[in-house]
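Chemist: On the provided structure of chain A, position chain B as indicated by the hints.
Line by line, the protein sequences are chains A and B.
Take the first sequence: its letters are residues 12 to 301, numbered as in the working numbering.
Take the second sequence: its letters are residues 6 to 353, numbered as in the working numbering.
Just so you know, the hints here were simulated from the structure itself, not pulled from any lab data.
All values derive from a computational prediction rather than experimental measurement.
The C-beta atom is built at its ideal place from N, Cα and C for all residues, glycine as well.
Be careful, since some hints might not be right.
[Said to hold, decoys possible] Distance windows between CB atoms, simulated: (1) B/Arg329 with A/Ala76: 28 to 38 Å; (2) A/Ala127 with B/Ser47: 30 to 40 Å; (3) A/Val72 with B/Arg126: 40 to 50 Å; (4) A/Ala127 with B/His348: 52 to 62 Å; (5) B/Arg329 with A/Lys174: 32 to 42 Å; (6) A/Ala127 with B/Ala338: 34 to 44 Å; (7) B/Ser47 with A/Val68: 47 to 57 Å; (8) A/Ala76 with B/Glu149: 54 to 64 Å.
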Amino acid sequence: MQYLLQLLISGLAIGAIYGLIAMGFAVIYKSTGLVNFAQGEMTMITAYIAWTISTTVSGNVFVVAIGAVLAAVLLGLIIERVVMRPMLGEPVFATVMVTIGLAVILRSAINFIWDAYPHGLDIGMGRGIVHLGGIGVRTGQIGVIATLLALLAAIWAFFRYSKIGVAMRAVAADDRTALLMGISAIRVHALAWAASSVIAGIGGVFFALSYDLSPAMFQLGLKAFPATILGGLDAVLGSGLGGLLIGITENLAGGYIGSDMKEITGFAMIIVVLMIRPFGIFGERDIERV
Amino acid sequence: MRTGDYKQSYGELVALVDSPPVWLWSAVLVLALIVAPHLLNSYALSFLTIILITVTGALGLNVLTGYTGLISLGHVGFLVTGAYAYAILVSKYHMHPLIGFLGAGVVPAIASLIVGAPSLRLKGLYLAITTLAFSFIINSVILEMRWLTNGARGLQVQRPEMFGISFDSDAAFTYLCLGVAVLTLFATLNIRRSRVGRAFVAIRDNDTAARVMGINLHATKLVAFATCAFITGIAGALYGIYLSFVSVEGFPFLLSIEALAILIVGGLGSALGAVLGTILIVLLPEATRLVFSLLSSQMDAMLTTGAQELKSMLYGLVIILFLRFQPRGLVGAWHDIKRAWVHWPLRY
Chain A
12 MQYLLQLLIS GLAIGAIYGL IAMGFAVIYK STGLVNFAQG EMTMITAYIA
62 WTISTTVSGN VFVVAIGAVL AAVLLGLIIE RVVMRPMLGE PVFATVMVTI
112 GLAVILRSAI NFIWDAYPHG LDIGMGRGIV HLGGIGVRTG QIGVIATLLA
162 LLAAIWAFFR YSKIGVAMRA VAADDRTALL MGISAIRVHA LAWAASSVIA
212 GIGGVFFALS YDLSPAMFQL GLKAFPATIL GGLDAVLGSG LGGLLIGITE
262 NLAGGYIGSD MKEITGFAMI IVVLMIRPFG IFGERDIERV
Chain B
6 MRTGDYKQSY GELVALVDSP PVWLWSAVLV LALIVAPHLL NSYALSFLTI
56 ILITVTGALG LNVLTGYTGL ISLGHVGFLV TGAYAYAILV SKYHMHPLIG
106 FLGAGVVPAI ASLIVGAPSL RLKGLYLAIT TLAFSFIINS VILEMRWLTN
156 GARGLQVQRP EMFGISFDSD AAFTYLCLGV AVLTLFATLN IRRSRVGRAF
206 VAIRDNDTAA RVMGINLHAT KLVAFATCAF ITGIAGALYG IYLSFVSVEG
256 FPFLLSIEAL AILIVGGLGS ALGAVLGTIL IVLLPEATRL VFSLLSSQMD
306 AMLTTGAQEL KSMLYGLVII LFLRFQPRGL VGAWHDIKRA WVHWPLRY
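One chain only, chain A, in its complex shape (with noise of 0.2 Å):
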């Protein structure tokens, strides 16, 4: 029991980290319509800055934490200024390959301005240990739930209310009419890359804080695809939610079953999901008229 319960949480506070990535897919799915197959390279890249702004500047919690998401929302513009944008309008398969691209470069670039060595990412909090009924807790995996949550929450509110929000959702449900409505796509598309950029790199730097900052770090991003795949590609919630899903699977099976398991259960669930349900828990059926 006592075990099971362990598993559970620690799956919860990984599943949270992939929810939040996988969210950062959804979002960028959902406005411009292409997976974005350099997302995990782009947490990667927050969560190393996130570390060189509290080595060089300062360790204050404060200082990391807005400095981090500056330097995310700057990352995504730029992504989406530089390589994308002269991209629009070409056919989903390029611009898809371009973000393959993207996601290389990223990734040996990391090797080349930082090191090949795991850092630890130290804010003075989130490695400190609390007890929970006789289950010891790290402060940051409770941490990264409650991000979750209250993200989960925002994003609710923000495309319900904001005007902003229904704009994005009306570029995704159909760009030209949205066109026609005076929204301009551009900026939507711009926004929904910063978005994704931070909502992704506030999961990579949780991931630095309970664990370590390695290049090998871009697989979380490999990891949260089956979370979209689960909660639904266009469903920004849904992938979520998804996330936990998944850290929980993925966790049950690594402690009943082997270690070898956790590694790929993630994977089996996509080709399982794609059999039963292929547009996820909460995505929508695509309905194809001729």
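Modeler: Quick look at chain B alone, frame taken from chain A:
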């Protein structure tokens, strides 16, 4: 005056080549490749061998990505499956190398049916995601099945001996790769002009229209995927023999990206493109290193330590730049040059 290249019958339209000189130049090229192993030093010969193996793999992916328009991010998964199938059949169970090559094709093809069946029912990018997943799952499977694959220790592979010919020397092995590459080239060119090949292209261009014409989308996509996996598996077996050692580490994920880069640089859907793209992509890291070493020895030192990173960055950059500025690839550039040559000084 000749004003254009007009096809007047159906036979001309599906002919393998549209002008006799192409046969002549192809024969010259094959002759040159037959003579080359005796003239080149072993360093240059290793590049030639790698190019021939890579062409085989790239032609395999071309059937899937170029003809049918589906992205596979797990190309390396089929390479490694093929290499292991060959190594297990030939090194472990001492079967005839031909059976080994057959197995190297069939086993990945079966794997592709398992991966493809659920994901090819759907439109869009799902195949890219499932193949990506496959390439990670297959590594875990290989490491787990120690009784068959030796786990992380890998398998030794000898150069084969078939029909009394030993392919032990580097030159002989290059001939083997040349033979396989030429066969694959003819096979994919002929698939392209057959009924099923036209169905592939129809699916790529407009899948709704293809369906209306009576093409079974799911089955045809599966055929394309299995063909791709079959050819790729054989390329993987050759690569395993070339490395003389098959292990999971010998097949890094970067190979999947490399294969896609080759197709984009060469020109999607064109066999000539796959060949040109392979030559450029295989020689690009080497050429870059050469340029940098001429510039300064300090940069050279940095690049030898980060050779793998340099390679990935180059591939990524090449993919993005080609998609942005020359989406039809080297083949498109070549067609433009030919047209300019015929029509100059007129524009068309």
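Chemist: For every hint, state whether the structure bears it out.
Modeler: Verification of the supplied hints:
Evaluation of the 28 to 38 Å hint for B/Arg329 and A/Ala76 yields a pass: the beta carbon distance comes to about 35 Å. Between A/Ala127 and B/Ser47 the Cβ separation comes to about 32 Å, which falls inside the hinted range of 30 to 40 Å. For A/Val72 and B/Arg126, the hinted distance range of 40 to 50 Å is satisfied, since their beta carbons lie about 48 Å from each other. In this structure the supplied range 52 to 62 Å holds for A/Ala127 paired with B/His348, their Cβ-Cβ distance being about 53 Å.
Taking the beta carbon of each, B/Arg329 and A/Lys174 are about 33 Å apart, inside 32 to 42 Å as hinted. Distance hint check: the CB atoms of A/Ala127 and B/Ala338 are about 37 Å apart, consistent with the given range 34 to 44 Å. Between B/Ser47 and A/Val68 the beta carbons are some 53 Å apart, a value that agrees with the proposed interval 47 to 57 Å. Here the CB-CB span from A/Ala76 to B/Glu149 is close to 41 Å, at odds with the stated 54 to 64 Å.
Checked against the numbered hints above, the structure violates only hint 8.
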